[in-house]
Each structure stands twice: as structure tokens, then as C-alpha cells.
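In case it helps, numbering that gives the first Met the number 0 puts the sequence shown at residues 0 to 755.
These are calculated hints, taken from the structure and not from any lab test. Any given hint might turn out to be false.
Restricting the straight-line Cα-Cα distance to at most 30 Å, the calculated cross-link-like pairs of lysine-lysine (DSBU-like) are [as the list claims (entries may be wrong)]:
1) Lys-82 to Lys-12
2) Lys-550 to Lys-619
3) Lys-102 to Lys-163
4) Lys-485 to Lys-550
Pair ranges (Cβ atoms, derived) [what the hints assert, rightly or not]:
5) Tyr-484 to Arg-687: 31 to 41 Å
6) Ala-582 to Gln-625: 17 to 27 Å
7) Lys-650 to Arg-95: 20 to 30 Å
8) Thr-670 to Trp-155: 30 to 40 Å
9) Ala-529 to Asn-466: 19 to 29 Å
10) Lys-102 to Glu-659: 48 to 58 Å
Think of the CB as a built atom: it goes at the ideal place given N, C-alpha and C, for glycine as much as any other residue.
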Amino acid sequence: MTISPFLIAQFRKTIWHALDNALDDTAVFAAERLVAEDPTDLDNMHLLALCNYRAQRYKVAMHVADDKRHIGCAYVYALCCLKLGKYRLGYRVLERCRALFPKTCNIYSHTDTERQALPDLASVECLLGHLYRLFGDTKEATDNYTAALSANPFLWEAFDGLCKLGVNIKVNNVFMVTPAMKEARTTWLDNADDLTGIENSQNQDPFIDTSAPAGNSVVPTMAVTQDAPAADSGVQPFMFRADNSVFSTRFHGAAVEQTPTAAGNDHDLSMLGNVVTPAANTPVEFARPARSRSRLQAPDAPRRIGSTRTAPSVTSVAAEPRRQATDAPTRRSSRLISSSNYTPTAAAASTQTPSSRLAGLARATNAGSNAPLTSPSAIRGRLRSGLLKSSKSGSAGDDSSNSNGRKSAQDEPHPIKIAPDDNERVAAEMCMLSLYQTLATGAFALSKYECKAALQALLSLSDQQKNSPWVLSKLGRAYFEIVRYKESEEVFKRLRAVDPMRLEDMEVYSTLLWHLRRDVELSFLAHELADIDRNSAQTWIAIGNSFSLQKEHDQALKCFRRAAHLDPTFAYAYTLQGHEHVANEEYESAQNAFRHAMRAEWRHYNAWYGIGMVFLKTGKFDLAEQHFRQAAMINPGNAVLICCIGMVLEKLYRFDDALEQYDIACRLQPTSALPRFKKARLLMSMRRYQACLDELQIVQNLAPDESSVHYLLGRLYKVQGDKQNAIKYFTAALNLDPKASHVIKEAIEGLETDDA
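Start from the sequences, fold in the hints, and give me the full structure.
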């Protein structure tokens with residue numbers, strides 16, 4: 000029995016309407032009816048699997064998509080594997096379908112009125128990157144993430160994945176117009192002209208219709224194929240293409256007359272007038288790996304540091320009869336090709352009117368390579384030369400070298416000159432790339448613990464962007480990492496006011512309150528997070544930190560175990576378990592917890608630090624030094640880690656080496672009291688009293704209420720025979736810390752004994 004294409008189209012219309020409105024049960028029900036009508040069509044199986052995935056029925060979706068030679072089914076199957084933690088199975092399924100991967104990206108095929116039901120190249124490569132990264136294959140994950148960004152630089156997940164892997168990235172080479180984007184844009188413009196039959200006129204905007212208000216986008220209509228009925232046949236106006244391998248569904252409102260106009264949107268012009276295009280030839284480079292939490296207890300040894308966490312058919316409303324043009328319409332891509340002697344400059348753009356600046360900005364998209372992206376292998380062949388820093392050369396022009404499959408200079412097409420009526424859209428694209436580049440610079444620097452560079456980039460954003468939740472969270476964490484707790488607290492308070500329902504990064508905020516000993520605020524935060532979501536790992540970390548601050552370590556352990564159970568990939572939950580075991584002097588259990596954290600995230604330097612502290616407390620100084628140095632390699636800007644290396648070297652009687660480490664820590668954080676105090680104590684043991692006194696006077700100004708500083712000053716003056724100053728500082732230490740009265744009184748009595 001022949002199945003009516005119109006029935007299939009009606010089913011798909013119902014399914015997409017349900018999916019777009021989060022009516023998952025309706026979508027699943029309609030998809031089952033569709034598969035029952037035509038069980039042999041793999042596109043229908045893909046829709047059924049997708050509906051079950053959206054309804055969070057992951058195992059059902061896997062069953063539907065299993066063993067289907069269809070890129071959509073393989074993609075949904077891999078998505079389910081990602082949710083269920085079956086990473087090896089997920090990437091194997093996708094790799095078996097690599098021959099079916101799309102050859103380009105669909106970045107221009109997704110609008111308010113159009114969608115692509117199947118994933119494009121960038122989406123598939125990004126999903127593969129997620130699966131490889133979580134499985135632990137860093138090399139493959141890096142290659143896939145980079146391929147995804149080469150196809151679509153707006154894919155933030157891929158960039159974030161590279162940051163989590165600790166890859167050195169040329170940020171400026173990521174967020175620029177890529178050959179894949181140019182090819183996709185040209186294809187999209189060709190298709191738009193084919194589908195709408197827009198008149199060729201210099202004074203008309205082919206995207207805007209005069210019957211609609213200025214600034215409203217026109218809903219493009221779709222040409223009728225031989226399989227579809229005539230416009231006046233009385234049949235439902237849906238179209239089915241049985242021979243198309245990729246299906247796209249467009250939604251239309253009331254049909255509008257296709258009469259283009261050159262009218263623009265003044266609001267858009269005002270927003271885009273001062274856009275700065277990313278410079279492709281001056282990449283921002285940051286080296287080093289990283290991630291964080293920093294707890295400074297007594298000056299003897301810090302307890303915790305850092306914190307962190309990482310073809311289907313086409314349905315469409317038939318077009319109304321169009322007005323006849325006197326001349327045959329010309330493809331827009333043909334109109335865009337012009338002579339190659341046009342090279343705009345940024346200086347000219349800054350002195351022109353807004354519309355002229357937009358035109359210059361649009362023409363700047365031609366700065367990149369024009370080589371088309373023909374296959375996934377072509378992208379993967381250019382991975383490390385274009386986006387990743389070379390380990391042998393710091394040159395930003397690595398991607399200019401010739402490679403197999405790449406066109407020679409004489410075969411490359413002429414630069415494309417964007418028509419004036421397309422300038423706003425291209426300028427908006429460049430504006431978004433510029434914004435992403437600034438955000439990426441900050442995020443990349445923060446992932447490397449280059450906190451000052453991260454702050455500089457993020458604070459350069461507009462006020463609207465700076466007050467967004469994501470930027471506020473990164474600012475708060477950057478201040479936290481450099482131990483500027485007051486600024487960090489202010490930023491997190493603003494974040495809570497802007498987005499009170501946010502759970503992400505709340506483990507950092509709760510750790511910050513732990514450092515500041517704000518037990519009331521920490522308890523209140525834990526209650527608020529519990530009201531939002533009791534099944535969130537961040538909630539249980541906040542509750543555990545509250546118990547830890549009250550010295551209830553067993554209760555804190557239960558909370559951190561609960562957090563790890565809720566999110567087994569959350570390395571910080573295991574790290575906090577280890578800290579509580581250390582507080583209970585359960586060193587073997589602490590070591591196991593820290594190793595769990597390292598398995599969850601090998602770049603989690605807090606776990607390396609934790610194991611180092613365990614070895615330090617158990618007298619295994621060589622192993623402690625090894626782990627502290629590994630932690631410092633991940634986060635080389637952390638003064639606490641450098642101090643820990645110095646502490647171990649002191650235990651090994653390598654005093655000169657230890658002093659060198661303390662000097663490094665003092666240079667890293669000149670306003671931190673901890674490294675200077677440890678340096679002063681070492682200088683005193685080396686009998687370099689004047690140098691010790693100089694350091695202690697600086698520390699006294701940095702931490703005037705620290706009893707240990709006054710006590711050490713008293714000892715120093717006692718050794719030098721200055722009894723008056725010794726008594727003065729011993730008394731100050733006694734007033735600041737009455738609990739240590741027995742030690743201080745013994746020191747004072749020692750003064751009297753010496754006199755006797």
C-alpha cells in the first residue's frame with residue numbers, strides 16, 4: 000500500500016510542533032504513529048528516537064536508534080550514551096558512521112522559520128569530542144573539538160571542552176570567519192534565491208518585505224516539486240521530497256507578498272556601529288595548564304586550596320503566486336562575486352557613517368582563507384596548524400603551510416564582496432564573533448589560572464555583558480583564585496541577585512564563605528540551594544561546607560559522598576571528602592578520595608595537592624614533593640602550591656632551595672602574608688636575623704591581627720637580646736590568641752630565666 004506523502008508531512012508537522020513546545024508525550028505518540036505507517040523509513044525512526052530522547056527516555060531511544068545506518072539515529076544513540084555514561088559505546092557508534100557524516104555545517108539553516116532535523120558536521124564532531132574527553136582519550140577529543148570549531152566557531156561547547164583538556168589555543172584563530180562558514184553562507188544564499196525568486200535590484204533588500212514592518216524577517220516560501228500538488232488543487236499545502244537525504248521543516252505565518260525593500264533597522268545600526276573585528280594575524284596566546292580552591296589556615300600548612308569544578312522529507316506551506324519579474328532573478332552568490340582588487344581598511348571604517356562602517360566590517364570577512372571545506376578529513380588535517388599552538392613554534396601563521404587536499408593559491412576563488420543589502424547581517428556576524436573572542440579570551444585565561452588576564456578580558460566587556468550570570472560567575476572565581484576574597488564575595492552577591500536560581504559555580508561561593516568563616520551566610524546559602532534542587536551536587540557541597548565550618552566532619556563527609564553519588568564526574572566532591580578524612584587523620588581514606596578526584600578529572604590540581612599533604616603528614620617527603628610539583632605544573636600561578644614545595648624542601652634540609660621557592664611565591668602574590676611568613680621563619684632558622692626582621696615587618700603590615708607574626712617577632716627580639724620589644728610582641732600575641740597562652744607564657748618565662 001502506497002503511503003501518502005501528505006500524511007507523512009502532517010505527522011511530521013505535528014511532531015515538530017510538539018517538540019518545539021516541549022509537549023514530549025504528544026511528540027512520542029505522534030512519532031509512534033508515523034513509524035507504524037512507514038516503519039522502513041529511517042528518518043521516521045530518527046524522529047521517534049529523538050522524541051524519546053527529549054522525553055528523557057534514553058534507553059528507549061537507544062533501542063529505537065540501535066543498528067541503523069543513519070546519521071540521525073547514530074547521533075541520538077550517542078547522545079543517550081553521553082547521558083548514561085557509556086562513552087566508549089557512543090564514540091564507536093559514531094565512528095562506524097563516519098562515512099555518513101555531513102560535509103558542511105548548517106549554521107545558516109536554522110532560523111525562526113526554518114530548521115535542519117539532522118545534525119551537521121560541527122555538531123557531530125563536538126559530540127565525539129565530549130565522548131572522547133569523558134572516556135579519557137585527550138588526543139581524539141582535541142582533534143574532534145578543533146574540527147567542530149573549524150566548521151562552526153560559534154560552538155561554545157567545543158571551545159569549553161578544549162579549555163577543560165588544557166589545550167593551548169590561539170583564541171584569535173578560533174573566532175573568525177572560517178572557510179566552512181563562507182561555504183555554508185554561499186550555499187544558504189543560493190538556496191534562498193532558488194526558493195523565493197527574489198527580483199534582482201540594486202535598491203532592494205532581498206531579505207526584507209515591504210508589506211511587513213521594518214526589521215521583521217520575511218518567511219521564505221519553498222518551491223513546489225513534482226511530488227507536491229498545484230497551489231489551487233485543494234490539497235493540503237505540504238510538500239514531500241522522497242529523494243532528499245536531508246529534510247528541513249519551515250514554519251510560515253501568513254503569506255506575504257515578496258516585494259523587497261532597502262529599508263533597514265536603525266536600532267541594529269546603532270548597536271553595530273562600533274564593532275571591532277577580530278584580528279586574524281595577532282592571536283592572543285596564553286600558555287600553561289589549570290583548575291582551583293585555596294584554604295589558608297594557620298601559617299603552618301594550608302588545609303584546602305582552590306575550588307572548581309567541568310532525508311528525508313520537507314514540509315512547507317505553499318507559496319502564494321508571486322509577482323512576475325521582468326528579468327530572470329540572479330542568484331545572490333553570483334551578485335556577491337566581484338573583482339579581487341577591493342581591500343577595505345579598519346581605519347576607514349572608523350571615520351565613516353554607521354552604514355559605511357557596517358559595509359567595511361562586512362567586507363572584512365574576506366580576510367580568512369577561501370579554501371572550501373569539502374570533508375571531515377579535510378578539516379581534521381588542518382587541526383593543529385590553525386587553532387592549536389605549536390609546541391615548537393609560537394608563530395600564528397602555522398596554518399599557512401601547504402597540506403594534502405588543500406587548494407593552491409591560483410585555484411582559490413576571488414574574494415567575495417558582500418552586496419550592500421547584506422552588510423547588516425554580516426556585520427552582526429562579525430559583532431558576535433568579536434564578543435565571543437573576548438569571552439573566550441577570559442575563559443581560556445581562567446582555565447590556565449591566568450586570573451589577571453582573565454579579569455582584564457572580562458572587565459572590558461559592556462555593562463550588559465558584565466552583568467550577565469556567566470560573566471559574573473567567572474569574575475567571582477577569578478577573584479577567588481587570586482585570594483581577593485572581598486571582591487569575589489561582592490561579585491557572587493551580585494550573581495545571586497541577578498540569577499537567584501543558579502546552581503553552577505555555587506561550590507566556589509560556598510568555599511569562599513568557608514574561607515571567610517561566614518557560618519550564617521554559608522548556612523543560609525545551603526538552605527536556599529536545597530530549596531532550588533536537593534538533587535544537585537552543588538547543593539550538597541554547600542551543606543557539607545557548612546558542617547565542615549562547624550567542625551562536624553563526619554556530617555560533612557556524608558554530604559560530600561552524596562554530592563559524588565549525584566554527579567560521579569564532579570571531581571571536587573571527592574576532593575572535599577579527602578580534606579575531611581585528613582581532618583579526621585584518616586590518611587588512607589583521604590588518599591583514596593583524592594585519587595577518585597584525579598580519575599574524574601586529571602587536571603584537578605586540588606587532588607594532587609591533597610595527596611601531597613597526606614604524604615607530608617605521613618613523613619613521605621619525596622612523594623609529597625612530587626605531587627606538589629605536579630599540582631604547581633597545572634596551576635603555576637598559585638603561591639600556596641609553591642609554599643608547599645618549600646615546606647617539603649625544608650623537611651629535606653634543602654634550605655637554599657626552599658628559600659628560592661618562597662621567593663617565587665612572594666613574587667607571585669606580593670600582598671599575601673603566607674609566603675613571606677614562611678620565608679621569615681626559614682631565615683630565622685638560618686640565623687639571618689636582619690633579613691628575617693625585614694620580612695616580618697612587611698608581614699605585620701599585611702596581617703596585623705595574626706598572632707603567629709607577633710610571636711615570631713618576639714622570638715626574634717629575644718634572640719637579639721632586645722627584652723623590651725620581645726615582651727611587647729609576646730604580649731600582643733597573647734592578646735590575639737589566648738588559646739596559645741601556655742606557649743607564649745613559656746617564652747616570656749624564658750626571658751626571665753635568661754636574665755637570672
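So which hints don't hold here, by number, going up? Result: hint 7 breaks, nothing else.
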